[in-house]
Amino acid sequence: MKQIAVISGKGGTGKILIASSLAHISKNNILADCDVDASNLYLVIKPITLKISPIPFYSGYNAKIDYNICLLCNKCINACKFDAISYDNVNYKVNINEILCEGCGQCVTICPNNAIKLVEKHVGECYVANTKFGTLIYSKLNAGASSSGKLVSFIKKHAIEFGKAENVDYIILDGPPGIGCPVIATLNSVDLSIVVIEPSHSSLSDARRAINLCKRFNILNVAIINKYDINLKITDQIIDYLNNEKIEVICQIPFDKEVLNAQKNSQTIIEHNKNSKTASILIEALNKIKQILSK
Amino acid sequence: MFINLNNKQIKIAIASGKGGTGKTTFALNLALLLDDDVTLIDSDVEAPNLHLFFNKDIVFDDNDILAKHFFDRFYDFYVKIPKFDESKCNGCKICKSICKFNAITLLLNKTVFFYELCHYCELCFNVCPNQAILPENKTIGTIYEKQINDNLKLISGFLKVNEAKSSPLIKELVNNYAKSKITIIDSPPGTSCSMISAVYKADIVILVTEPTNFGLHDLQLAVDALRQLNKKFKIVINKFEDSYSIIKNWCDKQNIEIIGIIPFNIDFAKTYSEGNILVYKHPYIKELFKNIIDKILKEVIK
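Quick note, the sequences are listed as chains A and B, same order. Sequential numbering of the first sequence, starting at 1080, is according to this note's numbering. Sequential numbering of the second sequence, starting at 168, is according to this note's numbering.
Derived by calculation from the structure, the hints in this document are not laboratory data. Worth double-checking, as some hints may not be accurate.
Calculated pairs, DSSO-like style, for lysine-lysine (alpha carbon to alpha carbon, straight line, at most 30 angstroms) [to be verified]:
{"id": "1", "chain 1": "A", "residue 1": "1130", "chain 2": "A", "residue 2": "1343"}
{"id": "2", "chain 1": "B", "residue 1": "368", "chain 2": "A", "residue 2": "1172"}
{"id": "3", "chain 1": "B", "residue 1": "398", "chain 2": "A", "residue 2": "1172"}
{"id": "4", "chain 1": "B", "residue 1": "250", "chain 2": "A", "residue 2": "1154"}
{"id": "5", "chain 1": "B", "residue 1": "223", "chain 2": "A", "residue 2": "1325"}
{"id": "6", "chain 1": "A", "residue 1": "1172", "chain 2": "B", "residue 2": "267"}
{"id": "7", "chain 1": "B", "residue 1": "399", "chain 2": "A", "residue 2": "1172"}
Every beta carbon over 12 angstroms from chain A, so not counted as near; a handful from chain B, in silico [unchecked claim]:
{"id": "8", "residue": "175"}
{"id": "9", "residue": "235"}
{"id": "10", "residue": "239"}
{"id": "11", "residue": "250"}
{"id": "12", "residue": "312"}
{"id": "13", "residue": "427"}
Note that beta-carbon positions come from the ideal geometry of N, C-alpha and C, so glycine has one too.
Next comes chain B alone, as it looks inside the complex (with noise of 0.2 angstroms):
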């Protein structure tokens, strides 16, 4: 499907706001039906799984080692935080009260940087009168890069055990990875700085709901949010069975479009489960997904 944007690039995120909706599955088909330029990006770090529907057996311990088998090429992508040379340092703690985090404090004249707090503004680098801070690289994450084929790149950002903070590695991948004619972008569920991360550079973001109390509770929190940062938005509702008048009714009142339904269908969550291709298995899903291609390039098109 050639598509024409006039040499323009987008970027296309895929958010929910409720974890399940079915976001991974609609980025996924989306950037395989868009047989064009494309780009797919795993921007949920912390639980990345678009790599698991080109290759089941992949698994990523802790040396990454299988991982580096299926992926053409990977990058470990690092911050930098604060390293202390303790034999400089006055106890003046100027240090201390740039932190606007609390990440630094003095005890008995000693700095204690406490890691968890850090948000890498790289502020505290400059201040200290003595140069006892310097930067450190941390590694954080890997990004890994493969050829799908030739139309379609794969990154995943894969944020190591135990690291507290996705931002700064979704904000690497959205902002140096996109470099295609399109970019899809699979972002994490929720609504606070992971999910804005992942959205904040797109041109559209695409909400996948479900038809559910819980869908419309976080759907309404993820529309508050994508306001707030000005983003164009519509609505995918996902698992639809009898009724979806619980997300149509408020949508209309909001004035927001849902440009596309998917009906809830067993065979459909057994086709994922197995990390399948939901398009290719259902072919009658490729004219609906068309459909909603086709709306969401005319709506940047615009």
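In isolation and in its complexed conformation, chain A is listed as follows (with noise of 0.2 angstroms):
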């Protein structure tokens, strides 16, 4: 069983085009969405019916007060590093912003009446589901969630243990974009990356972060440049880098409206339009993942 990740640096360079034809192509797989700030995949990869019942994820605390005995004496803002408290003018009471807080403690150690407790923060949910194209892992969290990290790894163990009872070949994680605590969720024994470029300076540049960070997990990188022909300069200047670097374009993709009509669809490019070029050129490369992978 094979760990795909599918990772960029830079949002909106085509990742969940890629995971999708993945996984439309693979027949046996696993397929996770750990972009879990903004999960979009299943709005493509249609779940039909779930699995499980939605799995809720709890991480860390909330603050709350008693309102029956605060007493108003301002220790707790004061003390709150996190800028989560406030006075709240309006409603007359002391205020903990559920978003903000992150669940310290400091509060209900500084309150001289044991007005504060920490309850479980939920999270979010997790969700295991059939689609056409295999079984997919995703979540909803809940707005201004800080535990984005650990909701991935929670998404990557339920992947491995779903993996492991299908005998699935591969596990592809559609990931977020950014270098921290998700993405680094997502790469953890991970056996590929893909990296998706747009050709930008911007892409360009936070690719390099991207593969830095690969570089320090010793994870193989491969590359896909989407977009290319919107600048065949900047795609020039990617694949120097990228051949420096030692790592394969599996593929350049041309800008290609198709894409868009698959998504508004809701389908895979592949399935919206099996003949246009982004989905011939993806097949092609992405079979070519699976020659690299079964080496």
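Build the complex from these two chains, which are given one at a time in their own frames, with help from the hints.
Right, dumping it as structure tokens:
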């Protein structure tokens, strides 16, 4: 069972395009949406039924005030390092903002009247669904949640469990943008990372950081250049950089309106139009990946 | 463009939910057109891009050598983490129980610290009865400053590669580097703690979206977050082609104002890809942006 992560550094380069196409082509896989902050994969790889009930995900704590015994002394407001506590002068009470509260417990300790306690924070839900292209594991994270890395690890754990039970060949991980904790959690134990780059200085700069991160984990990287014909000069610069880093460019996809049309119809590009430029390029490229992984 | 804010200082955050909708493009062009005392903060510290529009050759290697040539000054940013003096530890486990993030544990009477789980709340520094825990500085990133012209200053935050948490660096930027009349904060994508850290001190948030189902889906998450923070916000639709009804229908139901619509144009994509400035290369976009600026200022002055 091999793990393939699709990352980019920069947002909007086409990770979902690649991850959904990979799931379409490989017959025996688990697909996991690790972009928990903005989980979109299920809009393209549609869940048909749920395999199990949604699994609630709890992480950390939120501080809650008992307004019957709050002394309005403001000690907690001054003590909070995360700017989460303020005086609400509309409702005349001390307010702890659930999004900003990190559940450290400082206010609990400092309150002279024990009016504050910590409650477990419900951060989101994890779903395991049957889809046309294999089991999909995705999540809905509550807005502002601060445990995205942990949720990604939670999703991966379930992906691996289901993967073993279903005896799949691949776990395909649609990664988040950036290089922070949810990306690091996505890359943990990955066999191959596909870095999706678009021809802009921004995307190249961000891809360099993402590749730098992968190197620290000794992960094998390959690259896909998406919308390459928007700027051939920069595409060349990207290819030069990748050659220097000995990273194989497995394909270059031109800007293709069919990609957006497929997305609008909630289909993979191959479902929508398997004769489109993008679909044919991807089918060939992603089969190359299977060969790389089987070595 | 001199703007009269009656000596008020304002912070405008540019966010989105979905990545790649055009936040950076929007923030950059807004800042340049304002042509007044403006600080532009790149708070997308995991993947900062604003500096590339002022110097395309810039590359940040691990030694940050090239970076230092372009920027005027830089500051390392550090957080405080616990350092354990084993000789003073008596295995009482008070530190383990105080840490709500499970970052401290004891194994065979030795403290084990999981740095990746630490949220830098600093509670453990004062709880050890034997004073075995002391604060230690850990550099997690660097803040770079550059005076672009008489009016515009650029502040770029760079999180070190392999650092997991961006929030402390982002909060430092928005709390301590927004000194101008107008500060524009280019936020990270997503709707979790990094985006929240970038927008939570803003006077108004402009959500840049695209008229697609992904765009709408993530916009809804972003709006949910901003409502929980009680933030004023407006919508700008980017990459508009034949219809933006997917966004407009939802915004109308929610009573959310759309203040600008930027058309999709392959030439805009090319301009952006080269690191050039939209409003300089495509003058008719200038009018569109000026219109949007008027609406933003009217809203913050209210």
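Hint check:
Of the pairs offered as hints, the one joining residue 1130 of chain A and residue 1343 of chain A holds, with about 26 angstroms between alpha carbons and a cut-off of 30 angstroms not exceeded. Our distance criterion of 30 angstroms between C-alpha atoms is met by residue 368 of chain B and residue 1172 of chain A, whose separation comes to about 21 angstroms. A distance of roughly 19 angstroms separates the Cα atoms of residue 398 of chain B and residue 1172 of chain A; the hinted pair therefore holds under the 30 angstroms criterion. A C-alpha spacing of about 28 angstroms is found between residue 250 of chain B and residue 1154 of chain A, which places the hinted pair at or below 30 angstroms, so the restraint holds.
Under the criterion of a C-alpha separation no larger than 30 angstroms, the hint pairing residue 223 of chain B with residue 1325 of chain A is consistent with the structure, at around 23 angstroms. Using a Cα cut-off of 30 angstroms, the hinted pair residue 1172 of chain A and residue 267 of chain B holds, with the two alpha carbons roughly 26 angstroms apart. Pair hint residue 399 of chain B plus residue 1172 of chain A holds up; C-alpha atoms about 22 angstroms apart against a cutoff of 30 angstroms. At roughly 20 angstroms, the least C-beta separation between residue 175 of chain B and chain A is larger than 12 angstroms, which holds for a residue marked as non-interface.
The non-interface label for residue 235 of chain B is consistent with chain A: the shortest C-beta to C-beta separation is roughly 17 angstroms, beyond 12 angstroms. No beta-carbon of chain A is positioned within 12 angstroms of the beta-carbon of residue 239 of chain B; the least distance is around 20 angstroms. Even its closest Cβ contact with chain A, about 19 angstroms, leaves residue 250 of chain B beyond 12 angstroms, as expected for a residue assigned away from the interface. For residue 312 of chain B, the shortest C-beta to C-beta distance to chain A comes to about 19 angstroms, beyond the 12 angstroms cut-off, and the non-interface label holds.
With a closest Cβ-Cβ approach of about 19 angstroms to chain A, residue 427 of chain B is found to remain outside the 12 angstroms limit, as its non-interface label requires.
In terms of the numbered hints stated before, the structure departs from none.
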